[in-house]
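Taking the hints into account, I'd like the entire structure generated from these sequences.
Protein chains: 2
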Amino acid sequence: MYSSKPVTHVRRMLLHRVLQCRRKRSSAVAAASNVKVVNDVRHVRGEYGCVTDADVRHFRSLLGEPNVLTGAENVGPYNVDYMKHASGDSGLVLRPKTAEDVSDILKYCNDRSIAVCPQAGNTSVSSGSVALFDEVVLSTERMNNIINFDPVSGVLVCEAGCVLDSLMKYVDGHGYMMPLDLGSKGSCQIGGNVSTNAGGIRVIRYGTLQGCVLGLEAVTADGTILDCLNTMRKDNTGYHLKHLFIGSEGTLGIVTKVAILCPNLPKHVNVAFIGLDSYDKVLKLFSIARAEFGETLSSFELLDNTAVTYVESKLNFLCPITNVHPFYVLIELASSQPTVGQHMENVLEKALGESVISDATTTDQMSSIHKIWKVRETVIEALLKLGYVYSFDISLPLSRFYEIVELTREKLKDFADVKAVCGFGHIGDGNLHLNVVTSQRNEELARMIEPFIYRWTSKYRGSVSAEHGIGLSKTQYLEHTKSKAAIDLMRSLKNTMDPKCILNPYKVIPAVAASDQ
Amino acid sequence: MYSSKPVTHVRRMLLHRVLQCRRKRSSAVAAASNVKVVNDVRHVRGEYGCVTDADVRHFRSLLGEPNVLTGAENVGPYNVDYMKHASGDSGLVLRPKTAEDVSDILKYCNDRSIAVCPQAGNTSVSSGSVALFDEVVLSTERMNNIINFDPVSGVLVCEAGCVLDSLMKYVDGHGYMMPLDLGSKGSCQIGGNVSTNAGGIRVIRYGTLQGCVLGLEAVTADGTILDCLNTMRKDNTGYHLKHLFIGSEGTLGIVTKVAILCPNLPKHVNVAFIGLDSYDKVLKLFSIARAEFGETLSSFELLDNTAVTYVESKLNFLCPITNVHPFYVLIELASSQPTVGQHMENVLEKALGESVISDATTTDQMSSIHKIWKVRETVIEALLKLGYVYSFDISLPLSRFYEIVELTREKLKDFADVKAVCGFGHIGDGNLHLNVVTSQRNEELARMIEPFIYRWTSKYRGSVSAEHGIGLSKTQYLEHTKSKAAIDLMRSLKNTMDPKCILNPYKVIPAVAASDQ
Chain F
28 MYSSKPVTHV
38 RRMLLHRVLQ
48 CRRKRSSAVA
58 AASNVKVVND
68 VRHVRGEYGC
78 VTDADVRHFR
88 SLLGEPNVLT
98 GAENVGPYNV
108 DYMKHASGDS
118 GLVLRPKTAE
128 DVSDILKYCN
138 DRSIAVCPQA
148 GNTSVSSGSV
158 ALFDEVVLST
168 ERMNNIINFD
178 PVSGVLVCEA
188 GCVLDSLMKY
198 VDGHGYMMPL
208 DLGSKGSCQI
218 GGNVSTNAGG
228 IRVIRYGTLQ
238 GCVLGLEAVT
248 ADGTILDCLN
258 TMRKDNTGYH
268 LKHLFIGSEG
278 TLGIVTKVAI
288 LCPNLPKHVN
298 VAFIGLDSYD
308 KVLKLFSIAR
318 AEFGETLSSF
328 ELLDNTAVTY
338 VESKLNFLCP
348 ITNVHPFYVL
358 IELASSQPTV
368 GQHMENVLEK
378 ALGESVISDA
388 TTTDQMSSIH
398 KIWKVRETVI
408 EALLKLGYVY
418 SFDISLPLSR
428 FYEIVELTRE
438 KLKDFADVKA
448 VCGFGHIGDG
458 NLHLNVVTSQ
468 RNEELARMIE
478 PFIYRWTSKY
488 RGSVSAEHGI
498 GLSKTQYLEH
508 TKSKAAIDLM
518 RSLKNTMDPK
528 CILNPYKVIP
538 AVAASDQ
Chain H
28 MYSSKPVTHV
38 RRMLLHRVLQ
48 CRRKRSSAVA
58 AASNVKVVND
68 VRHVRGEYGC
78 VTDADVRHFR
88 SLLGEPNVLT
98 GAENVGPYNV
108 DYMKHASGDS
118 GLVLRPKTAE
128 DVSDILKYCN
138 DRSIAVCPQA
148 GNTSVSSGSV
158 ALFDEVVLST
168 ERMNNIINFD
178 PVSGVLVCEA
188 GCVLDSLMKY
198 VDGHGYMMPL
208 DLGSKGSCQI
218 GGNVSTNAGG
228 IRVIRYGTLQ
238 GCVLGLEAVT
248 ADGTILDCLN
258 TMRKDNTGYH
268 LKHLFIGSEG
278 TLGIVTKVAI
288 LCPNLPKHVN
298 VAFIGLDSYD
308 KVLKLFSIAR
318 AEFGETLSSF
328 ELLDNTAVTY
338 VESKLNFLCP
348 ITNVHPFYVL
358 IELASSQPTV
368 GQHMENVLEK
378 ALGESVISDA
388 TTTDQMSSIH
398 KIWKVRETVI
408 EALLKLGYVY
418 SFDISLPLSR
428 FYEIVELTRE
438 KLKDFADVKA
448 VCGFGHIGDG
458 NLHLNVVTSQ
468 RNEELARMIE
478 PFIYRWTSKY
488 RGSVSAEHGI
498 GLSKTQYLEH
508 TKSKAAIDLM
518 RSLKNTMDPK
528 CILNPYKVIP
538 AVAASDQ
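Just so you know, the sequences run in chain order F and H.
Under the numbering used here, think of the first position of the first sequence as 28, with each following residue one higher.
Under the numbering used here, think of the first position of the second sequence as 28, with each following residue one higher.
There's no promise every hint is true.
Identical copies go unnamed one by one, so any copy, or any two together, can satisfy a pair.
Stated by the list, open to error - For lysine-lysine, the following BS3-like pairs were computed, each having C-alpha atoms within a straight-line distance of at most 27 Å:
1. Lys124 / Lys511
2. Lys401 / Lys311
3. Lys308 / Lys294
4. Lys511 / Lys134
5. Lys196 / Lys311
Hint data in this document are derived by calculation from the structure and do not stem from the laboratory.
Quantities reported herein were computed from a predicted structural model and do not represent experimental measurements.
In structure tokens form, the structure reads like this:
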């Protein structure tokens with residue numbers, strides 16, 4: 028379905044539409060090129076219907092004129108992704124207000140075999156939320172109502188287009204917090220978070236969205252509104268269908284409502300910034316932290332010296348520790364117990380005495396806590412000021428976590444244009460952000476380094492995408508984490524739930540090689 | 028596929044086998060009746076192949092003679108369920124040792140269209156783990172190896188047949204605990220726990236298995252071994268396939284290996300047993316407990332006076348509080364912080380002063396903690412000594428949680444044989460165990476009370492099975508929690524993954540009414 032040589036029955040079904048489409052190249056919203064190469068992968072436009080003037084009129088009657096955007100000026104911002112790595116050729120953006128609107132749109136598009144690219148906050152870093160060719164962009168930005176918050180259970184029910192930061196502020200007012208926190212919280216939407224199973228800096232404490240989302244409503248390719256908007260913590264009635272939509276990046280359905288369990292706001296938050304001599308000592312500190320801090324540990328983040336150096340030099344942030352160390356760790360404890368700060372100091376003092384750590388500073392003051400977090404949160408921003416960033420988001424067993432950064436440095440030592448190779452990330456979740464910076468994109472380097480890192484990740488049963496998803500940019504590496512049988516099952520589920528493959532095509536599932544058909 | 032009038036292509040495929048089966052009624056393992064009525068639902072044996080002497084020989088060559096059980100004496104125990112509500116007519120039990128064995132068995136059964144009933148610890152209380160007709164029982168009891176435990180990450184990898192209690196003891200030795208705890212831990216197996224998304228008394232703290240299971244290996248109906256045995260906390264590479272097998276009760280595949288995240292053992296555990304005057308005060312105490320105890324709250328359990336009375340009179344346990352109260356709450360705090368016990372006492376003292384609670388006793392002594400937990404854990408045992416137990420395991424919004432117990436009492440007030448109506452359960456998870464006890468099963472009462480309770484649950488968007496699953500005994504009530512679209516999608520997934528419907532037939536998905544075909 029994703030290939031340059033589509034499955035026969037689909038070919039037949041769509042043939043008349045393609046012919047019709049070719050005749051209508053002068054229509055309001057015409058497709059651009061039928062072939063695109065992204066990250067060395069050649070994509071051929073599927074045999075989808077093209078959007079006609081009549082379609083635009085239909086959508087206007089459905090959603091109202093202001094919610095059907097055409098023309099380069101209006102559609103442009105929806106065609107460029109967050110990383111500016113990909114740009115789409117969509118000529119039409121639809122802005123539904125309700126699940127019923129989404130249902131009407133998908134029913135129509137499914138009948139007409141028009142491809143659809145769902146878009147929430149458009150903060151995907153895997154080019155998952157922009158069109159590749161002329162897919163219709165379905166934006167959830169107007170579906171932004173909070174439906175209910177239960178102050179006894181802490182369950183929030185809201186529409187998919189609510190911005191994460193606004194939800195954070197809302198539940199904060201009730202003494203609760205969102206179970207996830209991301210750098211992009213100011214613009215990402217909860218429906219996008221759920222569709223991509225977004226992770227972030229609190230997974231160690233609150234787990235992934237697969238655990239926190241109690242229920243959801245989604246619209247499937249044929250327009251069926253699937254109500255799985257359970258608000259109970261326990262519900263063992265048949266297949267747990269919500270999980271089909273959490274992390275499938277809009278390829279199996281469009282999430283329209285979410286019920287999510289919010290934890291209580293902690294009363295006491297303490298943060299430490301710690302310098303260490305070696306990665307082995309980082310691991311030792313992690314074991315101590317898990318055993319000592321237990322349920323109060325809410326973050327355990329690693330930064331190497333390269334990352335901290337560029338945050339200091341490019342953003343003029345001061346590292347909370349003045350002496351230079353090869354590694355830094357940020358520990359956050361959040362608790363109902365007032366003793367947690369003293370406990371942290373006692374444990375770190377002991378670790379200092381035993382030379383597990385070399386230096387540390389701790390605080391329970393919110394302004395200082397924010398400053399320390401800024402150092403961790405702005406690494407990518409600092410690297411982007413340095414040049415072009417090849418960003419890898421991988422999971423690895425902790426024993427292998429930093430080795431790949433050193434191997435990558437070694438591998439690239441003869442590339443003159445490499446400005447930095449640095450590693451940082453969520454030790455608590457085994458999630459490494461490995462970054463290579465050059466002055467500008469170099470295809471030769473990309474061709475060498477991507478397979479190198481992903482093969483190594485695969486060798487140690489890591490994940491080639493810990494939290495960023497597959498999107499458009501990693502389909503060719505999916506097989507490094509998923510077995511053939513698993514990819515076959517993914518295809519089979521996709522075919523069952525979206526037989527015309529109208530939902531977010533070209534994404535997530537790799538194109539079938541011609542020889543495999 | 029589940030109906031008395033199977034879908035045509037399956038009918039055709041199986042016809043020659045049925046004829047063959049009818050001719051071989053004298054074979055080693057013959058089917059009994061072709062029709063059974065369970066809980067007023069009429070089940071007709073699907074048109075499956077019957078097990079022949081040649082099949083038994085084949086399985087013996089595959090697994091070795093001792094692992095292929097035939098004859099009433101050997102097979103008998105596998106045919107009776109935990110609640111003694113259901114008994115199967117299986118004539119053959121297979122005991123594979125490896126995933127490859129399971130694969131070989133399923134490949135063979137799929138080719139021969141022989142139905143298979145997967146069985147782990149056989150502790151299902153929804154008749155999900157015994158055969159209904161002559162399905163071959165596939166027992167995972169010999170697949171009981173621990174594969175790996177990582178003391179840094181706390182990730183346990185083991186085979187599906189490991190008994191929960193033995194895993195608890197194993198990880199305890201490493202300073203960790205299993206994230207779930209169940210009354211049946213002495214015999215239930217982790218593969219069964221995962222396949223049924225088992226809940227228990229720690230869900231409030233550690234969430235469900237959908238969140239704790241990092242990866243699994245499962246064998247699908249055609250014998251494909253699906254390796255999703257991820258051990259990373261974060262892995263966003265395509266569809267999260269493991270969730271298809273968590274909670275689908277063996278109808279989409281047989282879980283053979285599990286990777287599960289274990290939390291650190293808490294250093295300080297404190298338990299309180301509290302008497303309260305009204306359900307409103309229980310809710311008030313729950314709000315206080317969530318806000319005050321936050322992350323340290325590991326259980327918040329409710330018992331009504333009826334439940335406690337029978338635990339005292341039938342099992343000779345002493346209620347930790349001597350005065351009688353309409354409601355009792357058990358609170359457990361588990362923490363890394365030594366102050367948690369004092370904190371609990373301060374909070375309860377304040378609640379006593381404000382008349383939120385009427386009485387309380389607290390302890391940090393393990394022997395006393397075990398005694399208090401016994402009162403909560405033995406309610407069902409006490410009720411079974413009283414008579415026949417109609418057991419309902421429902422989720423409800425907390426505001427409606429106890430109302431249904433009172434409504435049920437009212438509804439049954441004229442039934443002479445009703446000995447007790449009691450409610451207990453996990454307030455923290457909205458999960459109520461509502462029980463009605465009579466001297467013996469009364470069909471008239473069952474016919475009245477089941478739809479009454481499930482319709483009421485549905486009205487308030489609760490779940491008709493919070494943690495016990497659907498199994499065989501609740502298929503007719505699935506529609507009270509799942510929408511038609513959701514049930515249709517379940518059927519569609521089942522048909523995609525198990526087109527001959529050989530895996531745990533008659534369970535989970537309701538039979539299609541003849542009129543709907």
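Checked hints:
no.: 1; hint: Lys124 / Lys511; verdict: between (39 Å within a copy, 24 Å between copies)
no.: 2; hint: Lys401 / Lys311; verdict: within (25 Å within a copy, 39 Å between copies)
no.: 3; hint: Lys308 / Lys294; verdict: between (30 Å within a copy, 24 Å between copies)
no.: 4; hint: Lys511 / Lys134; verdict: between (32 Å within a copy, 18 Å between copies)
no.: 5; hint: Lys196 / Lys311; verdict: between (36 Å within a copy, 25 Å between copies)
Taken one by one, the earlier hints all hold for this structure without exception.
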